[in-house]
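Enquirer: Sequence:
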Amino acid sequence: EGKAKKGHRARQAGAKANKKNAKKDKRAGKTLSKGQNPKAFGRSSAGIKARIAQSRKAEIQEKKLHVPLVDRSYTAAEPPPIVIAVVGPPGVGKTTLIRSLVKHYTRH
Numbered sequence: 014e015g016k017a018k019k020g021h022r023a024r025q026a027g028a029k030a031n032k033k034n035a036k037k038d039k040r041a042g043k044t045l046s047k048g049q050n051p052k053a054f055g056r057s058s059a060g061i062k063a064r065i066a067q068s069r070k071a072e073i074q075e076k077k078l079h080v081p082l083v084d085r086s087y088t089a090a091e092p093p094p095i096v097i098a099v100v101g102p103p104g105v106g107k108t109t110l111i112r113s114l115v116k117h118y119t120r121h
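Heads up, this note's numbering is the position in the sequence shown plus 13, with the first residue counted as 1.
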């Protein structure tokens, strides 16, 4: 029974191994942390993002200038619309009735 015991094996995966690897990378001078893509966060994309944000802001301001004014008060010239419910069992022609009414009143 002269077998030697196996030596300690370091973790290769998992939270502990990731923490150890991050510490090793930091000491080596690698500054990329998890989730940072250098192409996505580079200087060139920052200019593009700024231009997109600026054009979006200008578009919103322009849209605010052209908002149509709607009189929502009850003193308007025409009364509010009447709501009608069409109810019944399936297959009796509710949708057909509504479609025919729409066709009849939209033909001018």
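Hints are supplied without guarantee of correctness; some may be wrong.
The list that follows gives simulated cross-link-like pairs (lysine-lysine, DSSO-like), each with its CA atoms no further than 27 Å apart [claimed, not checked]:
1. Lys39 - Lys19
2. Lys32 - Lys43
3. Lys19 - Lys32
4. Lys29 - Lys19
5. Lys62 - Lys77
6. Lys33 - Lys16
7. Lys37 - Lys19
8. Lys76 - Lys62
9. Lys29 - Lys18
10. Lys39 - Lys18
11. Lys32 - Lys16
12. Lys16 - Lys29
No wet-lab data here; the hints were simulated from the structure.
Enquirer: Tell me, in ascending order, the numbers of any earlier hints that this structure violates.
Expert: 1, 6, 10, 11 and 12
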